[in-house]
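This is what each chain is made of:
There are 2 protein chains.
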Amino acid sequence: MNANSGLASWNDRVAKQSIRDFVSRVTTEGGPDFVPISERIAVFDNDGTLWAEQPFYFQGLFVLDRVRVLARQHPEWKDTQPFKAAIESDMKALAATGMAGLAELVVTTHAGMSTEEFERIVADWLDTARHPKFNRPYTDLAYQPMVELLAFLRANDFKTFIVSGGGIEFMRTFSEKVYGVPPEQVVGSSIVTKFEPQGGRPLLVREAKLDFIDDNDGKPVGINKFIGRRPIAAFGNSDGDFQMLEWVTAGTGPRFGLLVHHDDAAREFAYDRTSFVGKLDRGLDEAPKRGWTVVSIENDWNQIFVEHTDRLAVQREPEVSVSVPS
Amino acid sequence: MNANSGLASWNDRVAKQSIRDFVSRVTTEGGPDFVPISERIAVFDNDGTLWAEQPFYFQGLFVLDRVRVLARQHPEWKDTQPFKAAIESDMKALAATGMAGLAELVVTTHAGMSTEEFERIVADWLDTARHPKFNRPYTDLAYQPMVELLAFLRANDFKTFIVSGGGIEFMRTFSEKVYGVPPEQVVGSSIVTKFEPQGGRPLLVREAKLDFIDDNDGKPVGINKFIGRRPIAAFGNSDGDFQMLEWVTAGTGPRFGLLVHHDDAAREFAYDRTSFVGKLDRGLDEAPKRGWTVVSIENDWNQIFVEHTDRLAVQREPEVSVSVPS
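For the protein sequence lines, the chains are A and B, in the order given. At the far end of the first sequence sits residue 570, using my numbering, and the numbering has no gaps. At the far end of the second sequence sits residue 570, using my numbering, and the numbering has no gaps.
Looking at chain A on its own, in the form it has when it is part of the complex (with noise of 0.2 Å):
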């Protein structure tokens, strides 16, 4: 593949040219702007921008549902908050609870468990949890236009990283199959984990204590800690991103920088500049100035969602191509 070629979700307009000036920019051998394979990185966060985040980030909904699976064991939750709110879905009454009420909510489906164990919670509720709105999978949400994108970027000799502020090991069961992004590609929050051997046998358990914050300033410390050195371009959504993008759009030589505005009401969700999940303000502002592309979904995407990847082997019609030369 070269510069030229994928990306057939996109349609022909400014975002997508603007991605391609930049690949072809940046692997032209001999040209002003030619950047060796090995400084090719290219980091990605997760919600909004790979996957959908309303009405609220996906990792939030499970924490809800585990809620409601391990009340079955604690009787006394139905009356008890923070869990009577999750148990309820009321999320005004969660609010109400504060960030101790979600910290308490977070630790105890979380923590607890080794993280093999976590890991196989996580996957039987991909497995079998539906979207409220869209009555799919939640790995059936990420955004087929990104997935195109990091394919691109992967054909170009980039390596490309998830830098989001979920939690790591949540994202790392699903990563490399929906984005092709192996685990340790992923970076994201983390709670305290502990080596303990039990009967002999070493296991790494889950401590009810957190550990780092992969958001805001974070993004660019976890950059620095888990990768080591500046990506050259870097894709997010929300002012959560902001820091991310503002760190590797600063290095010398070519950079990229991309927000993704969800403007579709129709076809996804629109929400930006008052939003509580995926706040975008400060980003639409300073984008222009700072030479960051501004993707609309409304307009730069033909197509949004993923196909059921069970459906994509055995009845996938034509591409339908709508206006789209590639």
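Note that these hints are calculated values from the structure, not bench results. Treat each hint with caution, since some may be false.
Copies of one chain are not kept apart here, so a pair can be met inside one copy or by any two copies together.
Unchecked claim - Here are the computed lysine-lysine pairs in the BS3-like style, where the Cα-Cα straight-line distance is at most 30 Å: (1) K377 / K421; (2) K322 / K453; (3) K523 / K336; (4) K533 / K523; (5) K523 / K438.
Keeping the supplied structure of chain A fixed, place chain B upon it in accordance with the hints.
Showing chain B alone in chain A's frame:
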């Protein structure tokens, strides 16, 4: 390359054969021990495994040299511990200052600058400092057989990682050039880094605060945090690597653990059960029953150190083959 080539600096003995056998088994498609490429993760300790570590960890020698440089602006240090001991290389007085003294030296030399500044300081030191016994740059004291082993594994589609108690940003300055291991595949100990825009320019600043110790129990924890899946092969040399080998070799399917035993006083150093740096005691006792391979440097390696990289290009002689059919 296939599983039977490479490893020219390894004598044709059990250790070399065990490596070849393992790689052959996991790469034989259709065989009972075949491992898919994505799961072929190998982890290597650094100090004493990939390069030498005597008379003291090279990063420790960097600290002492750095204190001497900084002492020019701190005349008071020549009468203040732990600096006085560092300036005079008085290891006994230094040890007497305890962990607090050592921590003060590390913080003084490793924090208070941007990540880029620190990288430059380390690179300058590696360019100019010489090892006290061998009078060669420290990066020339990488072990040729281990560099061959890294390349051999990569040629068989392994992804090779460093997992070391050493400082992650210290190692990242040379890991790609010396070992072919890129920064994003280096796991190590770290101090806290903070995102701190200065004069409109985003900077990552190194703080005088410990973040993570990647040694002993910390090694499996670091592997889980940074890599996110269990490697199938682990290489170390000291009891600080014990839990890493334990964790890796306790997984299901084919597993490989290897310890380098420093028993060659003539060509390198001889130390094990009672050494302060690189103590290997429990590992020697348990390796046989755990099925770990123990490498005798004296008997298994026909060459110890890499050739100087500059000389390599211009005047490398044909390899002298010491009864090694390869």
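Hint check results:
Taking the shortest Cα distances, K377 and K421 sit within 30 Å of each other inside one copy (23 Å), while across copies they are farther apart (51 Å). With identical chains, the CA atoms of K322 and K453 are at most 30 Å apart within one copy only, with a shortest distance of 25 Å there and 43 Å across copies. Taking the shortest Cα distances, K523 and K336 sit within 30 Å of each other inside one copy (19 Å), while across copies they are farther apart (57 Å). Taking the shortest Cα distances, K533 and K523 sit within 30 Å of each other inside one copy (20 Å), while across copies they are farther apart (57 Å).
Taking the shortest Cα distances, K523 and K438 sit within 30 Å of each other only across copies (24 Å), while inside one copy they are farther apart (34 Å).
Hint compliance for this structure: every hint is met.
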